[in-house]
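Residue numbers (the working numbering), protein chains in the order written: chain A, 1 to 404; chain B, 1 to 404.
Just so you know, the hints here were simulated from the structure itself, not pulled from any lab data.
Warning: the hint list may mix true and false statements.
The list cannot tell twin chains apart, which means a pair is met if one copy fits it or any two copies do.
What the hints assert, rightly or not - Distance condition first, Cα-Cα at most 35 Å in a straight line; then the derived DSBU-like pairs of lysine-lysine:
no.	residue 1	residue 2
1	Lys143	Lys200
2	Lys128	Lys216
3	Lys362	Lys200
4	Lys143	Lys24
Number of protein chains: 2
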Amino acid sequence: MKAALVLTVLACGLSKGQTADDCKPSSLNIPGAPYPCVYPDHRVAFRVAAPDAQKVQVRLGGVHEMTRGPEGLWTVTIPPQVVGFHYYSIVVDGAVIADPATRTFFGSGWDNSGIEIPAPDADFYAAKDVPHGQVSQRWYYSKVTGQWRRCYVYTPPDYETNSRIRYPVLYLLHGWGENEQGWSTQGHMDFILDNLIAAKKAHPMIVVMDNLNAVKPGEDPSLYTARSIIARRSMADIPPPPGAARGGGRPMFPAHWGETFTEMMFTDLIPMVERTYRVLPGRENRAMAGLSMGGAQTFKTALNHLDQFAYLGGFSGSCGGRDATFDPKTSCDGAFADPAAFNKKVKLVFLGIGTAEGPGTKNFSDALTSAGIHNVYFESPGTAHEWLTWRRCLNDFAPRLFQQ
Amino acid sequence: MKAALVLTVLACGLSKGQTADDCKPSSLNIPGAPYPCVYPDHRVAFRVAAPDAQKVQVRLGGVHEMTRGPEGLWTVTIPPQVVGFHYYSIVVDGAVIADPATRTFFGSGWDNSGIEIPAPDADFYAAKDVPHGQVSQRWYYSKVTGQWRRCYVYTPPDYETNSRIRYPVLYLLHGWGENEQGWSTQGHMDFILDNLIAAKKAHPMIVVMDNLNAVKPGEDPSLYTARSIIARRSMADIPPPPGAARGGGRPMFPAHWGETFTEMMFTDLIPMVERTYRVLPGRENRAMAGLSMGGAQTFKTALNHLDQFAYLGGFSGSCGGRDATFDPKTSCDGAFADPAAFNKKVKLVFLGIGTAEGPGTKNFSDALTSAGIHNVYFESPGTAHEWLTWRRCLNDFAPRLFQQ
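Using the sequences and the hints given, assemble the complete structure.
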């Protein structure tokens, strides 16, 4: 009986020496769901119930055709995947959907499915037996946008019980198509900080995670909202973006991009944070970082307000384009025109990237160095424009903050 | 041009006097998504992109067939819906999925789509210009289950700034197939408490929202996990539940049901809360309530530990079955056998229900009253076993707590 089972399973395409028992459910599955599962060699098996469908596919990196089996269950095992978190979707007869077997994660403007491939260094973002901080959901009214906004705020361990201590603050931004929840769900920023603080590698800090989407009444929000392939297919009436779109539906940044966020940040967000939490005052207790579009926003905001921030981080995003020609006198709003003054004022410029993302960030770092601007360059080995890159960036970046 | 557009839209089935402009996107849609939308008379229009599908349906209450239109967009307008929050799903050629156009909400064991039909009394759970508390995500290790657990904790406005004040605590539970996020997302408990506290109708309190799913190593978690129609279809290997299933895949409760949760609560949860937050001690500063299965857990836990709780609430769930014969000497573990002693000890027994849910809760309340047990009976007019019932229950329940 058991031998027959093994043979049947082998016939479905298992590699030598691996059995179905080796396929472990992804940690992001809904409770009790056995699929998707991940093999030790990082192949992934998917299963979807679609009894009357003609064609079912998995979109993860490329497009993978599923095969119809008994009871309308479609299956496929795909080649080994890179470690870390990946968004993915299912296509059922042309409908692009989230896999009902996983929790959903807000990315590309919608609640997509996600899978986690165990990384060899996963320990740094794991829940461990150390003191834990907490992530809080905080609503506040923005005078600039005329709307209620939500941010998430990490307070370090002992924040509640040590009521006399004040903390420095890191403002940390998500990327395009994501939102203020990204860093505490996909990013595990709470466990990363908990572990760093417990190991005395990072100074205890408050981390504020807001939403990049900040528009005044009458401004067009579409730069920030759902315009991925899925969104455009299911929402035909969404207008084209301001400025031309480039590959993958990601937007070009128009000239005034990010200015409303900056205004909102200084008018509404920072005052609310400093009124509500036990915060240390002044620029030397304030850092800003972000990933991808959030990195671009960070450099846009902070380089134009260096009286407010002493530490900057760009994870797969900054003011240095992927292939831009860097001119220290004019690039990045001319912020680097006086290297000596800049170095004296700014305690950290951090540039992080995944090695699968191309040389743009390295080139930018080298150009800054050539221009005499101190900066730290960090590479996440083997990862692309995805969350493991940014978890690793944060893990390297946070210990460099507020060490006075 | 405009006239032609209106005529085209009218041909798709609008009622007299209503145009497509009257259909307002649901507040739960992903940013920028025009569908699903809600008409003033509470009909709902859906649209899904499924270019190659043969059959597409909406499941909301009943099953509604969609019609294929240009560009593979399927649409349907369904009859007026009851006000409040409803889970719903889409079926594409037999695949039961979440609508990609809405945010997802964890219910029936998976991340389902949701729609909000504006209620006439929506003001009580709206974000208003009042001081706001915050909802925090708190991780803690459970010795009883041997696992890390996550709870959500509401702290009232000024909790951070008034560091000398201590607060009473309400332990508030979700229902079957939901999780610790339900009350702060589907339930809007934060806005309900903010508004009550601002109006001085409720005493400021901490609210702790944990997950009902608490099992020791070796215990079967399937009572709590995904076994809805969607889950069973896509996860054929999930074992049948302990005890017989009844309609809709909801479980019967086996004899020892809820005991591990109770043990975990006293061993891990309450000590963590009282160590971490500024909490007032003692049973008169401790309330417990829950909805549906969480109401059953509340009565199971609290009636057996009246030395720990002075206030109890059951919202569409308690120890009184929907049609049980009530015997004050033996029902509910005999907790009501001595009415005078019970009334002296317990400050509140609250029983809430939606009027569309049947007479079971009213009958239970009447039976308690006949047996001499003081209790408060609350009805949500017109609503079923859904979140608007429970929002209204909380809004009526919370002002009755901790008013000493």
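A quick look at each hint next to the structure:
1. Lys143 to Lys200: Classified as between; 26 Å across copies, 39 Å inside a copy.
2. Lys128 to Lys216: Between copies only: 19 Å across chains, 42 Å inside a chain, cut-off 35 Å.
3. Lys362 to Lys200: within (29 Å within a copy, 58 Å between copies)
4. Lys143 to Lys24: Between copies only: 25 Å across, 49 Å inside.
The structure agrees with every numbered hint stated previously.
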